[in-house]
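Student: Chains D and H supply the protein sequences, listed in that same order. For the first sequence, the residue numbers in UniProt numbering are 1 to 110. For the second sequence, the residue numbers in UniProt numbering are 1 to 154.
Bear in mind the hints are in silico, worked out from the structure with no lab data behind them. Errors might be hidden in some of the hints.
With beta-carbon atoms standing in for the labels, derived distance ranges [said to hold, decoys possible]:
no.	chain 1	residue 1	chain 2	residue 2	range
1	D	Arg59	H	Gly69	39 to 49 Å
2	D	Val61	H	Glu79	46 to 56 Å
3	D	Met39	H	Asp103	17 to 27 Å
4	H	Arg94	D	Leu31	25 to 35 Å
5	D	Met105	H	Gly114	11 to 21 Å
6	D	Arg69	H	Ala112	47 to 57 Å
7	H	Arg88	D	Glu32	37 to 47 Å
8	D	Arg60	H	Thr48	45 to 55 Å
9	D	Glu90	H	Pro98	25 to 35 Å
10	H	Glu45	D	Leu31	42 to 52 Å
Interface residues of chain D toward chain H, partial, derived using beta-carbon atoms under 8 Å [unchecked claim]:
no.	residue
11	Pro14
12	Val88
13	Leu89
14	Thr91
15	Asn92
16	Tyr93
17	Arg95
18	Asp97
19	Leu99
20	Leu100
21	Ala101
22	Ile103
23	Glu104
Glycine included, every Cβ here is placed at the ideal spot set by N, Cα and C.
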Amino acid sequence: MQNLDQSFNALADPTRRAILARLARGEATVLELAAPFSMSQPAISKHLKVLEGAGLVSRRVDGTRRPCRLEPAALDAIDRWIADLRRVLETNYSRLDALLADIEMNEGEA
Amino acid sequence: MTGLTLKRDGDRQVVVTRRFAARPELVYRAHTEPALLQKWLLGPEGWTMPVCISEPRPGGAIRFEWSDGQGNGFYLTGEYLELEPFRRIRHVERMFLPDPTPDNHVETTFEADGGGTLMTLRMTLPDAATVEAMLATGMEHGMEASYKRLEGVV
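Next up, chain D with everything else stripped away, as it sits in the complex (with noise of 0.2 Å):
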């Protein structure tokens, strides 16, 4: 996928994760983004065009309202880091288990 990168980009920062969040559940625009954010307007818009930038969120016109939405890959993006938490997890948990066989064959010797 050749936005990969600035999905992951994207993707790095909390806000703009927070954004993703809340638009998760619904269109909203940018003073409604705004507002959970001790931000500045212009602030969450620079955020919004790294989003539309890597594809993660469109905007349309509404009369004089401009809606963000949520795009498919968004998700898709969500899913991969979802997807790369289990493999941490199990990188630490496949660590546990050989730490504990360790354990287990020293008690033994014990």
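Starting from the known structure of chain D, fit chain H onto it as the hints suggest.
Tutor: Relative to the frame of chain D, chain H by itself:
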């Protein structure tokens, strides 16, 4: 030993399960004793936990600091709330990335399962948006680093 499961339960909870070949007492100790935690709770390859404070008693402190040895690092603080030795741990934790993430309440249970252990980790977050954000963030430490690494790979 067997695969991990990770699923959402309602709006505010995430449940992870995993089976281990060792008995509950050992798995519990590996989750509470610093010398053991430092050997496995490390995230991606190459990371270490140079600071590990774990005081497994009600009110006892938790502090884990991770480093990749190249100047990147982050940490987690928390407190133990309730412990039933070898069976159940309740604690609260938050990560600093460097800004603190919302408090994550975690209940970990260790059940005998044949000769091994079924571990269930139930995390409860303040609200649904936080759950979304946490799932998106990768709730386990080391995710930022692993994504940075992944970016280099793909």
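Student: Hint by hint, which ones does this structure get wrong, listed from lowest number up?
Tutor: none
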